[in-house]
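Asks: Sequence:
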Amino acid sequence: MPMDSTTGNLALFKVTAYITGFRGFMYSGKLVKTLVLTRLPDLQPRFQPAPSNTPKLVHVSPLFREVDGRVEAVYTSLSCREVELAKCVNGNPRPVFLDGVYSFYFGFASSVAEPGRVLEALAGLNGEIEFMKQRIRVETHRVDFLNPRLEASRILSEAVRMGGLKIVFASPTMLRDPFRRSRFKSFIPTPVNVFSTPAFLYLTERGLYRLGRFMRLLRAVHRVFNETYTTLKTVRLTWFTYGKYPEPGITGYVKYAVNREYYEEYSRRMELGQVLEELIALLIALGTGTGRAAGLGHVFLEPSPIGSEAGGVEGEANTASGQAGVRPP
Numbered sequence: 001m002p003m004d005s006t007t008g009n010l011a012l013f014k015v016t017a018y019i020t021g022f023r024g025f026m027y028s029g030k031l032v033k034t035l036v037l038t039r040l041p042d043l044q045p046r047f048q049p050a051p052s053n054t055p056k057l058v059h060v061s062p063l064f065r066e067v068d069g070r071v072e073a074v075y076t077s078l079s080c081r082e083v084e085l086a087k088c089v090n091g092n093p094r095p096v097f098l099d100g101v102y103s104f105y106f107g108f109a110s111s112v113a114e115p116g117r118v119l120e121a122l123a124g125l126n127g128e129i130e131f132m133k134q135r136i137r138v139e140t141h142r143v144d145f146l147n148p149r150l151e152a153s154r155i156l157s158e159a160v161r162m163g164g165l166k167i168v169f170a171s172p173t174m175l176r177d178p179f180r181r182s183r184f185k186s187f188i189p190t191p192v193n194v195f196s197t198p199a200f201l202y203l204t205e206r207g208l209y210r211l212g213r214f215m216r217l218l219r220a221v222h223r224v225f226n227e228t229y230t231t232l233k234t235v236r237l238t239w240f241t242y243g244k245y246p247e248p249g250i251t252g253y254v255k256y257a258v259n260r261e262y263y264e265e266y267s268r269r270m271e272l273g274q275v276l277e278e279l280i281a282l283l284i285a286l287g288t289g290t291g292r293a294a295g296l297g298h299v300f301l302e303p304s305p306i307g308s309e310a311g312g313v314e315g316e317a318n319t320a321s322g323q324a325g326v327r328p329p
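Once you know that position 139 of the sequence shown is 139 in our numbering, the rest is easy, because the numbers rise by one and skip nothing.
Since the hints were derived computationally from the structure, they do not count as laboratory data. Hints should not be assumed to be uniformly reliable.
Estimated spans, in silico, between C-beta atoms of each pair [unchecked claim]: (1) R154 to V67: 34 to 40 Å; (2) F47 to H222: 15 to 21 Å; (3) E265 to G243: 43 to 49 Å; (4) H141 to L211: 43 to 49 Å; (5) L119 to G243: 45 to 51 Å.
30 Å max Cα-Cα, derived DSBU-like pairs, lysine-lysine [said to hold, decoys possible]: (6) K30 to K56; (7) K30 to K14; (8) K185 to K233; (9) K244 to K185; (10) K244 to K30; (11) K133 to K56; (12) K56 to K244; (13) K133 to K233.
Cβ coordinates follow ideal geometry from the N, Cα and C atoms, glycine included.
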């Protein structure tokens, strides 16, 4: 499998802005998409529905705010009793009130737009726009460029050294089941489900996609990354409103133990280390799962120590952190 890198051509911008003027029910990824397209209207086709074999090379996050030192996504969620959580369609929706400093992310491939032009456009996000029949005021404070490839190299190197990789589902996420032909959504964050989207992007963008090659790559990922026993305690199901009906998604985080034996073996056989850097860079810039261009599937990654027992035993399982993310870059 050719190892020529294309993730060096990925870009991720973090925008910090004061936003005020909205009161009501909404998923803030919609607002972020509107803000981006207000300044870059020629990118509208990149956000439109596409055939299943044409992956979108753009991704927006929802708005994030810092609350008591924790980063939280802003969206209308449904308040459900524990017994109703599995199917919470009649829960009480929590309204969104925008008035403060928020951040959001816009990731894309350089084939979509020239990063310098995007930087200039995002820095010019100032003034009022109409959104959902309300007037929203935006004052951009700063725009930061993040290099997904450099971040991926650092994260993978430290994850191998420390023995684990932590992935935070910072916005509601609907994962793809790679073993189904239809767009079947999964809510179990196995390594195969989490990495299926970047693996598909990785192969498709190189013109290398074949079902057998795709499955071999996911099998290697599955052997290198092993989910820990705390997964079902640190990931939670949330119900949110995006369109007309409530939809489920996962938030929280998962930790994977790195199997060094398989990592070293596959690194010799197929240069897996470089491939994993590419996949992690794609996760950072373009997210994972369905709805990435609408603000779903935004993730933060960081290396994490893992217990020494087989299967990846965790020393700590903080269930109270299920909804919150880590401090992003």
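Asks: If you draw a straight line from the CA of K56 to the CA of K244, is it 30 Å or shorter?
Replies: With Cα atoms ~24 Å apart, K56 and K244 stay inside 30 Å; holds.
Asks: Just tell me: holds or violated, for the beta carbon distance of F47 and H222 against 15 to 21 Å?
Replies: violated (32 Å)
Asks: Mind checking the hinted window 34 to 40 Å against the Cβ distance between R154 and V67?
Replies: Check failed, 27 Å falls outside 34 to 40 Å.
Asks: Hinted pair, alpha-carbon criterion (30 Å max): K133, K56. Please report holds or violated.
Replies: Between K133 and K56 the Cα gap is close to 28 Å, so the pair holds against 30 Å.
Asks: Given the range 43 to 49 Å, decide if the beta-carbon distance of E265 to G243 lies inside it.
Replies: The hinted range 43 to 49 Å holds for E265 and G243, with Cβ atoms some 45 Å apart.
Asks: Holds or violated: K244 and K30, Cα atoms, limit 30 Å.
Replies: Holds, at about 14 Å.
Asks: Check whether the Cα positions of K185 and K233 lie no farther apart than 30 Å.
Replies: holds (20 Å)
Asks: State, for the Cβ atoms of L119 and G243, whether the hinted interval 45 to 51 Å holds or is violated.
Replies: violated (32 Å)
Asks: Keeping to a limit of 30 Å between CA atoms, is the pair of K30 and K14 held or broken?
Replies: holds (16 Å)
Asks: Does the Cβ-Cβ separation between H141 and L211 fall within 43 to 49 Å?
Replies: holds (46 Å)
Asks: Does K56 lie within 30 Å of K30 when you go C-alpha to C-alpha?
Replies: Status holds; Cα separation ~16 Å.
Asks: Is the hinted pair K244 and K185 satisfied, with a Cα-Cα distance of at most 30 Å?
Replies: Roughly 19 Å separates the two Cα atoms, so the pair holds.
Consistency with the previously given hints fails for numbers 1, 2, 5 and 13, ordered from lowest to highest.
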